[in-house]
Every structure is written in structure tokens, then in C-alpha cells.
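Peer 1: Each chain, written out:
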Amino acid sequence: MKFDETSQGLGLRGLQIAAAQAVGAVRLVPLLKEHVREDLRLGTHAFGDERPRAVGVRGQADRPDVAYCSYLPHAYVLRWSSDGTAVAARGAALSDKQLGLRDVGGVRVLHRMIRQEGPGALRFLPLHLAMEGFLSLHFGGPDVAWSEYSRQALSHGLSPRRESAVLGSYVHGLEDAVRMFEIHERQVGALVFVADALAAMVVFPHPDDYRALHRSLVRDFFGELVYQYAILYDDVPAHRVAVREAEIADLAGLRAAVARARADWAEFSGDMAGRVLREPLRWQTLRQVGPFRLRRFMSALRPDEDNHIGEAIVRDSGELEYCKTFRLSAAQVRRAYLLEKLAQNLWDLARTAEALGVEVPALLVRLLNAGFGYLLKEHVLKNLPTGTV
Amino acid sequence: MTMSAETRHAAAARVTCEDLVVFLNACFCCTGQREFYSDGHAQTVSIEFLHDYIRGNYRRLYARTLAAGVNHFNRARIVTELLASSRDLDPVERRDEGRLVVAALRSLPAPRAYRALLAVRARGVNNRRARAIVRDYLSSRPDLQFDAIKYRGKLRDLILHTHLRLPDELGGFLFKGWKQRRYRTPLLETFRQAHFSDEALYELPFTVAEGMAARRKIDRAVFLRRIAPRLTALERLRLQAAAAREGVDALAIDLARAGLTRVAIYLLSLPPVERRERRAELQAALDGAARRCLREAPLALGRVAAVLDRSYSTTGSPDKPRRSLAVALGVDALLRAASAEYMSFWTPAIEDPLMAGPRGQTDLAGPLLDALEARPDLVVIVSDGFDNDPTGGAGEVCRVFKARLDPAGRTTIVHINPVFDAPELGPRRLGPGVPTLGLRDAEDLPTALAFARFAAGDLSLADLEDYLARRVDVFLRRADVAPLEGEA
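Chains A and B, in that order, give the protein sequences.
Quick note: the first sequence uses my numbering, first residue 1, plus one each step.
Quick note: the second sequence uses my numbering, first residue 390, plus one each step.
These aren't lab readings, by the way, just hints derived from the structure by calculation.
Note that this is a predicted model, so its numbers are computed, not measured.
A couple of the hints might just be wrong.
Residues from chain B that face chain A, not an exhaustive set, calculated with beta carbons under 8 Å [to be verified]: (1) Leu563; (2) Asp608; (3) Arg609; (4) Ser702; (5) Ser706; (6) Gly749; (7) Ala754; (8) Leu758; (9) Leu761; (10) Ala763.
Yeah, the Cβ is synthetic: ideal placement off N, Cα and C, and Gly gets one too.
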């Protein structure tokens, strides 16, 4: 994955934060759209069976054999018009053939992550788009054939590279929270917090799309940390309104105080999601259709903070039309961080170790612990000190 | 720390009063069924605990709550609890309890009363007192032959348990099997014939005939059309959708006779298009039901404002679909009919309440402020208490309003809650400043409002006992039972 731009967070242009609703450890914060427009709609196409699916990935001309395998519950179908006229959401209307579904040896194969379905329609795989970007980070392996790297790493890169995530319905309490959530009238998205840690941010183009896809939140996947937090914490304190009664002289004053409290909590919710909304993100543009750009992003990798990947559709004017994020687990961040450091130092172990401020054996242990032992020759990994990180 | 006898006594009285208020409030709304925010199991565990606790600690008052207008589910439950544990009672208490139980059984719908008595059997209790009560109940039934047909299994099990003698041919009918003989009693003979003849089938009560029709594979549409004259009013209401599906138009309903909440539930079951077409008729039915309801339990109010919740949570559960919304709609109609001046504020706002559907978030604070601005004498909030936009807004508005803007208490605020919240052992409260009252049927609003002062915590145990004693007198008189002896 190559980044073409860095920005200060997703921002919330065209969106408002409304009052949070908490059930158990899950807190859902509604995002409302200021001006609803009809020229971009999202439908869902659910794949009925639960067989794993492979997706042929294009874009790496030198490696036509690369495939992305995962459990894929559904695809999204985007419909747009360039001149601002209304379009209808269309999802399940597409046949398997139109979606490019083939059966190969018991595995159903989809063609490409993003695929044009005739004029004004685009099929893509939500969240997998972002995850594929994450997995393909420095997927090619060492650029310089240093002697420490194994033959496999030099000829096949990081392949096979794998990460795991948890299906939303396995996140304790998420299903209940989603069921009991009361959808607002102009709502197009939500911030999902589990034990007050940002688990995901979801935005759809149109309120009707959100209403239709709200329950599909449990079919998204979530990071390992989110899964653990949901088990560890029973509930979170509600964002309750508190008014200082001494300051109230009349009903108008009371009304203003309630409005102020509401605004304060909204701002606070925004701060809780600050890592995605305000901190720097690195972007890669995947497709431009009409005035909309489909892009994926990754936050600057810092092992000591929360890190998110995701995908978004942004209008030319900068309004966020669609977005889904995934919170990386600590181990995933560590892996990506090590790869990034290696790539920055041209895969030279000595220089990388120096950049990280450790000795080479310690770096080797870190690589080994991160699951990258297969990149190195066996004799390099022999006689490593134990317990050093 | 030591406490003087009076202090201890006063503290005990306060605790008793509070416990009883919690219990009564739970009994007004809980039915042990699944709700939007909690499942049926949590509800059952919660209400069973309350019954056990109150019966164990305050048995005398527990029996008297039968008369306080608690809902059928809880009335039946109290009857069972009282009959299943009576070992340590003295004779006077036992007699009083007996009278209350008899009156309660007579006030319950037949299937519920039978089920309450059968629950005693399930507890393994069979004593002289229980048998006497069953005997009294059966002798008070207007038509035991009819019961023997419609509640055949229940009546049979009850007789099996109590060994009571049944009049005429009933004993043979229930225990020797209907195939063995011809009956002189017309209804029993019809039941026998219905197993062979279509004509006789349509003479039977609907619930009995329905099973036989299914066994005989009679077409549903034909069956519904021909059984129509035998349907009760509730069955008619319930079968509207089924009849429409089968293309049967013979099931005309008389909305002018149905209860308020029933009309509201029926109305909400209709698709928006039909509601719009029949708007005038439905509105008239709702208003008529409200007026009828007021004729039975008069209520005269001054300037009233209502804040009514129609948020997504009023969808209820598969067990009680849209019940909270129906109660809000019923209370709306009832207050409009009962008050000199009435304003309603729906959340989320809606132009025509008859078109209301459960949708959107719960913002109680905004509409409540609108209501308070009109300076009414009484503000009624109908909501399940899950106020989420912003959370706790309504409770805070009530608290500050009472403390700062209305210290003299010109405006009374009451929160009516149709939903039992299992973890809280009662209807969920908006805040400490607002009395919260459970309500299952909109018709019971007058009872609930009379109870409001107890829920607010203003009154003492003596007042509560007085209140219960008065209700008991009316209750017993209505059921034609002698007054209590232990009241002196």
C-alpha cells in the first residue's frame, strides 16, 4: 500500500454528533447529516451461505496469483450520479453473475475488491478494502537481498500474510446495543465505543441507507482489543445531563442549560474519537467516480496509542459520505510498525535496530515474536538471547 | 448504636410503606413477559422475588393489595401465593384472606382464575381451605357446562386435584370420555356431535371449534365465516388480520364497545394508508372509549399537558407489540376527555397522533420544557423512562423546575411508565423528583393518579393502610363478598 496524501483526521464536515446511547459496555454515538442529498446511495448484497470467499486482487501486475481470503458476509453496492440527481439504493437486485461470483473448488471466488457494475454502480467489500490495504503493507518483502533473509522472503515477500479479527456478533453485548439503539431521523452514521474505547466509526451516504444497514454492524469485524474489552467491562457510565440549579432563573435559562449540556457531551464524544477524527491519517485513493473518491487510510502507526485503519468515500467538497474504520490490536500495530521501520531502512537489520535504539539480536527477537520468523534464515535465529525485547 | 423503640417503629413503618409502594408499582405494569429492554426470564425472576419478599414480610398487606387494582397477572399470582402458604395463620386472618381471594378469583377472567388455582396444585398444596375456595369459585361460575367445554382440561385437572363432586353429567363428561354416551345437556351433546357434524361444530365456542376444524381440515376462510356469530369481542379484534388475509369480511367489529387500550392496539396494527382512510372513524372510536372509561371511573382535571413517548423502544417485544405506544395513545385520548384544557407534546414530534409509529430517539427534556412553558396544573409524562437524547434530561428538568422555578408546587409532574424494568424491580424512574407509576392499561389511569401521592413518598404507612382498606371495601362489595373481620 502506497500513500498519496496525509491529512488531519477524517473531520466531521457536514455531520453533527448527537447524544450517546449506552447499553452495557457499548456506547453508540449517532452522527447526523446536516444536508441530506440523494445523489449517492449504498445498498447491500448479502451472500447467503457462510462459505469462505477468496477475492482476486488486481493492481499488482507482477503478482496475478495474489488472493485475499476471508469470511465475507456481504458486499456493498454504491450508486451515484455526477449531476446531483437522485438515485435509488440497489443491492440485492444484482445477480451472482453480475457480482462476478464463481465457484472454484468449493470456494466462492469474487473478482476484485472494487468492481464497476455498469454505469453509475460500484461494488466493493466493506472493511476488507481497508484490511487488504493493511495486509499488503510492504507485502513485497525485502527490496535489497540482504543475506539474513530467507529464500522464501526474497522470492515471495511476506506471503502468506494473515491477521485475525472478531465478527461483530461475537463482541459481547454489541448485538443487544445495536438492537436497542434508537435511530435518529437524519442519522447517517455512528461512533461505536466499547468500554469507552473507539471500536469503529461508521458513516453511510443517506439516512435510509443507515436505517437499512444499522443492524449489519454485527456482521462487521472488530479488533481483538474490542472483543476483550467487551468481556471485561459490564457497563459504562451514561453521559447524564447535570444542571447547576443555582444558575437557573427561568424556563428559558433551563432550556439553554440543557442545550449547553447536550453540546458539551457531543464535543466530549468527538474528543473520545479524536484519534480518527483529528490526528494525522495517511490516505490512498483507490477509485474516483464522479465527484466522489473512494479511499482507504491508516493512522500514523504508534505502538503506544490506538491505531485505526479504514476506508472512506469523500465528496469533492470534502464532505464525508461513507466511512468504516477498524481498530488494530496491539500485536497488529507492532507487526506493521516493524515492517514500516524495516522498509524505511531498506530492510537493513543493523540500521533498523539502530533506528529503534536496540541491538540487532533484540530486533530479531521482536521480529520472531511478531510472527515474522519465516522471513529470516534459520541460522540467524539460532542462539538468540531469551527474554530480551 | 441503639435506637429507641419509637424510632425503630417509625423506621420500620417507613420501610414497610416504601416496600409496598415498590411492590404495587411493579404489580401495576409487570406481566412477566419479554419487554424491549429485558427478556422474559429477567422479568419473571424479578417479579417472583418481589412477590416472595412482600408475602414473607408483610402478609396482611400483601393480601390487601389484591384490591388495589393490580393487573390480572399479579392478581392471579397473589392468589396462588396466598393459597399455597397458609400454615401459620390464625383463623380470623385466614377467613379475611379467603374472602379477598374469592373476590379476586371472581374478578379475574376465567382462564386466568383456573390457571391460578392450578398453580396451587403445581405447588403440591391440597387442604381444606384450598378445596373450599375452589368449590366457592366453581359455584360462582354462571355456566359450568360452558366452562367444561371451553376450559375442559383446566376444569378436569382442578377436579382431579380437589375431588369435588360435579353436578349432572359433567363428571362423566370430563372423566369417562365423551364417546361413551349421549348427553341430555344440550351443550355437551353439541360437543359430542361436533366431532362428526359440521353444523354442530359452529355451535361451539371459537377456541374449541378451531382445533376441531384444523383436525378436520376445514378451510380456514369457510371456518372463519361460519364461526363469526360465536366470536367474542376480543376474539373478533384479534382475528381481524387473519380474516383480512383469508378474504373474509364477515368479521365486523364494534369499536364502540371495545376498551380504550384495545382500540389503540387495534389502531396501531393497521397500515398507515388504512389509518388515513378511516381516520374519522378511528378517532371517534378512541374518544368514545375514553368517555366510556371515564363514566366508570370519573376523573376531572384542570389544565393538563402530556408528554408522550413514541420512540423506537415503544415497539415493545413480540410478546407485547407496540403496547407502550398504545398506552400513550390511550392516555392521550383519556386526558383529552377528562381535562378542561389539554395540550399534548409527542416525542419525536408528530402532527397527527393517529398516524404515530414507533420511530426515533427519546428526547423528553425538550417537549417537557414546552409543556412546562404552558404553565399547566398537571404534567403527565408517558414513557418507558429510557430518556436518551440527552440522557437524564427530563429528570434534571423536573428537579430544577421543582427546586427553583416552582417551589410552591403549582404544577404537579407525574411519570406514567407502561414498562417494568427488571433490574430496577419496578418501572424505570426519570429521577428522584418525579413520582413514577406503573400502568398496564390506559383505562387504569384514574387509579394510577390516585396512587401518585404514595409513589411521591409524601404519605405514611397509615395513609397507605387507609387507602387499601377503602379499596378493599369497594372490591369486596363489587364481588358480592362479606366485609373483612380483622379490620378494627
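Peer 1: For every hint, state whether the structure bears it out.
Peer 2: Cross-check of the supplied hints:
Interface restraint check: B/Leu563 against chain A, minimum CB-CB distance 46 Å, threshold 8 Å, status violated. For B/Asp608, the interface hint is violated, since its Cβ never comes within 8 Å of a Cβ in chain A; the closest pair sits about 35 Å apart. About 32 Å separates the beta-carbon of B/Arg609 from the nearest beta-carbon of chain A, more than 8 Å, and the hint is not met. Because the closest C-beta pair between B/Ser702 and chain A is about 6 Å apart, less than 8 Å, the hint holds.
Among the interface hints, the one on B/Ser706 is violated; its C-beta lies about 11 Å from the nearest C-beta in chain A, farther than the 8 Å criterion. Hint status for B/Gly749: holds, given a least beta-carbon distance of 6 Å to chain A, under 8 Å. Proximity of B/Ala754 to chain A holds as hinted, the smallest CB-CB distance being about 5 Å (cut-off 8 Å). For B/Leu758, the interface hint holds, since its Cβ comes within 8 Å of a Cβ in chain A; the closest pair sits about 5 Å apart.
Interface restraint check for B/Leu761: the shortest CB-CB distance to chain A comes to about 6 Å, inside 8 Å, so the restraint holds. Here the hint on B/Ala763 is broken, as its CB sits about 10 Å from the closest CB of chain A, past 8 Å.
Consistency with the previously given hints fails for numbers 1, 2, 3, 5 and 10, ordered from lowest to highest.
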